[in-house]
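Chemist: The residues making up each chain are set out below.
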Amino acid sequence: MTTSPDIEPGRLSAEDYDRNFADVHPPLDRKSALIDASRCYFCHDAPCIEACPTGIDIPSFIRKISTDNVRGAAIDILKENIMGGACARVCPTEVLCEQACVRTAQENKPVRIGLLQRYATDHLMADGGHPFERAPASGKRIAVVGGGPAGLACAHRLSMLGHEATVFETRPKAGGLNEFGIAAYKVPDNFAQREVDFILELGGIELRLGQTLGLNLNLPDLRREYDAVFLGIGQAGVRKLGLAGEELQGVHNAVDFIEGLRQAQDLSRLSVGRRIVVIGGGNTAIDIAVQTKRLGAEDVTLVYRRGPEAMSATGHEQEFAQVNGVRIRHWAQPAGLIGEDGRIAAVEFEYTELDSAGRLSGTGERFRLEADMVFKAIGQAFIASPVQSGTADLLEIADGRIAVDEEGRTSLPDVWAGGDCVAGEDLTVQAVQDGKVAAHAIDRFLRD
Amino acid sequence: MADLSCEIAGVKSPNPFWLASAPPTDKEYNVVRAFKAGWGGVVWKTLGEDPPIVNTTSRYGAMGFNGARMAGFNNIELITDRPLEVNLREIKQVKRDWPDRAMVVSLMVPCEEENWRSILARVEETDADAVELNFGCPHGMSERGMGAAVGQVPEYIEMVTRWCKSHTRMPVFVKLTPNVTNILAPARAAKAGGADAVSLINTINSIMSIDLDQMAPTPTVNGKGSHGGYCGPAVKPIAMHMVGEIARDPDCAGLPISAIGGISTWRDAAEFITLNAGSVQVCTAAMHRGFKIVDDMIDGLSNWMDDKGYKGLDDFRGAAVPNVTDWQYLDINYELIAKIDQDLCIKCGLCHIACEDTSHQAIAKLRADGERRYEVIDKECVGCNLCMHVCPVDDCITMVEVDNGKPYMNWTEDPRNPMNRQAAE
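The listed protein sequences correspond, in order, to chains A and B. In this text, residue positions in the first sequence follow the working numbering: the first is 1, and each later residue adds one. In this text, residue positions in the second sequence follow the working numbering: the first is 1001, and each later residue adds one.
None of these hints come from the bench; they were simulated from the model. Keep in mind that a hint or two might mislead.
[To be verified] Computed Cβ-Cβ distance ranges for the label pairs, DEER-style:
id: 1; chain 1: A; residue 1: Gly-242; chain 2: B; residue 2: Ala-1364; range: 20 to 30 Å
id: 2; chain 1: B; residue 1: Gly-1067; chain 2: A; residue 2: Gly-237; range: 28 to 38 Å
id: 3; chain 1: B; residue 1: Ser-1005; chain 2: A; residue 2: Ser-32; range: 19 to 29 Å
id: 4; chain 1: A; residue 1: Ser-38; chain 2: B; residue 2: Asp-1306; range: 34 to 44 Å
id: 5; chain 1: A; residue 1: Val-323; chain 2: B; residue 2: Glu-1401; range: 48 to 58 Å
id: 6; chain 1: A; residue 1: Leu-360; chain 2: B; residue 2: Phe-1065; range: 39 to 49 Å
id: 7; chain 1: A; residue 1: Gln-263; chain 2: B; residue 2: Asp-1343; range: 17 to 27 Å
id: 8; chain 1: B; residue 1: Gly-1312; chain 2: A; residue 2: Val-95; range: 50 to 60 Å
id: 9; chain 1: B; residue 1: Gly-1370; chain 2: A; residue 2: Leu-360; range: 54 to 64 Å
[Stated by the list, open to error] List of simulated lysine to any residue pairs, SDA-like, C-alpha gap at most 20 Å:
id: 10; chain 1: A; residue 1: Lys-109; chain 2: B; residue 2: Asn-1066
id: 11; chain 1: A; residue 1: Lys-109; chain 2: B; residue 2: Asn-1323
id: 12; chain 1: B; residue 1: Lys-1027; chain 2: B; residue 2: Ile-1053
id: 13; chain 1: B; residue 1: Lys-1347; chain 2: A; residue 2: Arg-224
id: 14; chain 1: B; residue 1: Lys-1365; chain 2: A; residue 2: Lys-109
id: 15; chain 1: B; residue 1: Lys-1095; chain 2: A; residue 2: His-44
[To be verified] Computed footprint of chain B on chain A; a stretch qualifies when at least three of its residues, placed anywhere within it, have a C-beta under 8 Å from a C-beta of chain B:
id: 16; region: 31-41
id: 17; region: 224-237
id: 18; region: 240-246
Glycine included, C-beta positions come from ideal geometry on N, C-alpha and C.
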């Protein structure tokens, strides 16, 4: 079975790269938007609103689209979710608002709320200007650690409420996973940075890049220098397979590769294997599988240890991967990484099943998949040490993430947290809600 | 297969579907296409005296609703803009080529007996089946003392109708304008003048919309607009009312009706026929989708009649007329309440909010095990139907008759009617 690795850049023509990484769901034009908007029943106590983590008044914004009051529609969205543009692109609407849409119950064909949201927010952003104003200055300053969706949403709302926010971001750009983690074809045309710029246009938000908690920043100093602190630091760790050979060439963390892809100036210079194996069942697994396929990999297999219903990637995402030519294999777990001359050559899997007690176990039977590249996408993990360094006042951790109450307040009275570093759905829309809720709680705290 | 053949005021056609006097019937080319498509007859676009009128450009306005185009439509066109001689020659040729189809010629000339006598003589030479006096055109021509300017004065209607009856052997249809307070006055005048039938409704005075950039009505002619004639599906209820009023008026008894107004489908046609229409005239639906729509009108009506066991149009013509009555004769004791089929309910909440905000607070908004649930509060429900109409799911909300044991009683019999107090004995 000896084969030499086949990892190369430039597998495709320039047109293929452009096509493969262009907008995966092109925007609605006015006519299509009006047709979709006309399908909304303007429900009372609408189930879609309840299904939206940020509580956008969806029937209201859709009605405004139907009357060509598109700016009004966009403001309805943005006042609840300042990243309504990103969420319109990346939200798994099929398990949120669109699943709850009464049209789903009626005819299994929801109003396309996500695309309508994009229609409205794109319209407002294209018009330019910022739709919100700041309340009179409070004189209070808040440190926001992390320039991802949670941090930016928190900073924006704090600024609207009259406070000054300073956002500390490790990376050279703000935007978090929208900039570094989401599949490229979901947010093309530099959307994440355009949205960051849009948010900062409000004013009152200072962005400091290259600032890392635990490195050149620490919590005790921030607490001393600022009136309150919000932590939106995400999950810096990546789970390991726990197998020998993870250091072999060709074995990657999916998130690292995607970050490189998102920041690549020229996709044709990005090397990709001919045979790819992806291990995991979440959105990151889908994103790496589809993106490597779209980079020109010939044979991409995603292997997940349980059945399709247990995957955290939605059914819609799974189908998307399959339509893109990704083979999904269920009920198999990695049992060994087989190297050759320091490079990955194959992955050995063991079939799995549920035992009588419902526990997952290997059957003992095995198979091998040859691979030039293997991507690990079995989850990320919160790393607590940076928030705990240099202080006697330890932040309480629960189930591996920062413990918070319903409003995001941590065990420290002047520190809030939200987004992926706290428990809950790891979604942009949830991060935005966490940031917004915390901002209001901080506002009340500072005004008491 | 039901027999759709139609006869009204002596005019025969293979089916009741005629094209109304309008742009689709302005010339031989269009009318021949219509007859090839299967239309039973036409009312040729209104002829006038030479020189022909001149039209503006920008002539039609439309109102869409919720994505549907041309729910309402209007025009500021006038009568035919072609020479009389050309129209008469084409009418004669088409009638010769299509002898089984109804050929009715619409006319409008100044309100002098000689003008009418003269044009009637020329129309007779075409062998057309009948004439239709255009007393309805609401714009332009009315400013010149014709069209609706005649149709709004019952005495003029009677006078001109009488002239026409005395100067032609052809049946005379009188086309009525709806731009009056009571349609019975012009209808009775037409009958008194000897009309063989009435056609209604003509179009309704209307401004379709204001262009908020030009600050002018649409259709806009170089920055200005005038009112035009409103038609299309949205006017059907108004037309049905007027047709129904004439159908049940004892003074108009026996007066045939050619019904017009928003007829787009066989079902619309069937409804008008139950209100005693002899033929039905169509315009907007054909202008929207072309002449082919008559195909469904013909076999849709035929299939429905087969299902119902109707052999011909007379089997159900006027069948609904006895049930059109005045409010005071409705049964005050009749009782309905709304019933929600919980299995069909999709939890949109529209029934609740409509009733709560705008009616009788008779639909409760509940949560059962976290699930939305809407329930009718029977004792508050007045049976108004609003919830049934707003519900987007067919048959989810139905109105169910309550057997309250009370006999029929109308308002004239109701002791609560203050006008109904009987004198003390």
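Chemist: Does each hint fit the structure? Answer for all of them.
Modeler: Okay, the hints, checked on the actual structure:
no.: 1; hint: A:Gly-242 / B:Ala-1364: 20 to 30 Å; verdict: 56 Å, violated
no.: 2; hint: B:Gly-1067 / A:Gly-237: 28 to 38 Å; verdict: 50 Å, violated
no.: 3; hint: B:Ser-1005 / A:Ser-32: 19 to 29 Å; verdict: 46 Å, violated
no.: 4; hint: A:Ser-38 / B:Asp-1306: 34 to 44 Å; verdict: 36 Å, holds
no.: 5; hint: A:Val-323 / B:Glu-1401: 48 to 58 Å; verdict: 53 Å, holds
no.: 6; hint: A:Leu-360 / B:Phe-1065: 39 to 49 Å; verdict: 56 Å, violated
no.: 7; hint: A:Gln-263 / B:Asp-1343: 17 to 27 Å; verdict: 53 Å, violated
no.: 8; hint: B:Gly-1312 / A:Val-95: 50 to 60 Å; verdict: 58 Å, holds
no.: 9; hint: B:Gly-1370 / A:Leu-360: 54 to 64 Å; verdict: 31 Å, violated
no.: 10; hint: A:Lys-109 / B:Asn-1066; verdict: 18 Å, holds
no.: 11; hint: A:Lys-109 / B:Asn-1323; verdict: 41 Å, violated
no.: 12; hint: B:Lys-1027 / B:Ile-1053; verdict: 15 Å, holds
no.: 13; hint: B:Lys-1347 / A:Arg-224; verdict: 51 Å, violated
no.: 14; hint: B:Lys-1365 / A:Lys-109; verdict: 25 Å, violated
no.: 15; hint: B:Lys-1095 / A:His-44; verdict: 59 Å, violated
no.: 16; hint: 31-41; verdict: holds (count 4)
no.: 17; hint: 224-237; verdict: violated (count 0)
no.: 18; hint: 240-246; verdict: violated (count 0)
Checked against the numbered hints given earlier, this structure breaks hints 1, 2, 3, 6, 7, 9, 11, 13, 14, 15, 17 and 18; the rest are met.
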